[in-house]
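My request is simple: use the sequences and hints to build the entire structure.
Just so you know, the protein sequences line up as chains L and G, in that order. Under the working numbering, think of the first position of the first sequence as 1, with each following residue one higher. Under the working numbering, think of the first position of the second sequence as 92, with each following residue one higher.
Honestly, I wouldn't trust all of these hints.
Derived EDC-like pairs (lysine to aspartate or glutamate); straight-line CA-CA distance at most 16 Å [to be verified]:
(1) G:K238 with L:E47
(2) G:K127 with G:E152
(3) G:K227 with G:E189
(4) G:K208 with L:E61
(5) G:K208 with L:E58
(6) G:K208 with L:E74
(7) G:K127 with G:D114
(8) G:K228 with G:D112
(9) G:K227 with G:E192
(10) G:K127 with G:E163
(11) G:K238 with G:D185
(12) G:K147 with L:E61
(13) G:K228 with G:E198
(14) G:K227 with G:D112
(15) G:K127 with G:D112
Just a few of them, taken from the derived set where beta-carbon distance is under 7 Å, the chain G residues facing chain L [claimed, not checked]:
(16) T186
(17) N217
(18) L243
I should point out that these hints are in silico values taken from the structure, not numbers from a laboratory. By construction, the Cβ of each residue, glycine as well, lies at the ideal position given by its N, Cα and C atoms.
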Amino acid sequence: MLTLTRAVGEKILIGDDIVIEVRAVLDANHVRIAIDAPRQVPVHRAEHFAAVSEANREAAEAALSNADDSLLQEIRSEQEGKTHNIESVGN
Amino acid sequence: MTRKGQTVPLATELRVLPAVDIDFPIGIPGLRGVRKFRLEPLGADVQENALNPFGKLIALEPLQLTDGSYAEAVRLIVAAPGLLWPNYKVEIDDTTLELLEIENPDEAAALVIVTLKESLAQSTANLFAPIVLNIKKYMGAQILPQKYSDDLIAAIHTPLPQL
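If you want it as structure tokens, here you go:
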């Protein structure tokens, strides 16, 4: 891993089209960074990306183990329940 | 022309769409190697006037696992959020607008990914990171808002409302 020291206003170039600039040092724990990257290169806070990736994998696993059939069954039975209720109100 | 911070119309119904193949030019986080999905409404046979906002997003390419192997037949359950959370708002950033070649708001629609649990009532949906589609060009991307989120995990696992 490459570790660099940069001053506010200085930049880092990654490849030929990703530019990272240190904009401000806010306090001992926070720096503000500007990133300029092509639109095909998604830029995210790493913890957000990790949390969403994990949720997506969990959703994919649940969709595999929980066949669509059981979800559909449940939707159908709820609807039957509702239709029944409406009919009984009508009566 | 759409502008930065544009709110995307929420899909309310999936049955109006025929099954369509959708390109995800930058894929979906966590599902490495899959850039093409088929969106199908779930239960086209469910009563015409009934509330069924659910669909399937079926991977048309194998999912690459961390150990280098591949998984076939991967899919996600998705929901049209318009009926479930009428006040939910999806804002789209410039980068995603360009990526999905969205020129007018009516070309866009938002969906959310559902994590099925034991029952529908226990299932959750990811309202933090919705999927935005260009419904004219059949392109899609999951958007992660750039703003800092305190209750990230809660938003990712929002309980489904009672239908």
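Looking back at the hints listed earlier, which ones does the structure fail to meet? Per hint list: zero violations.
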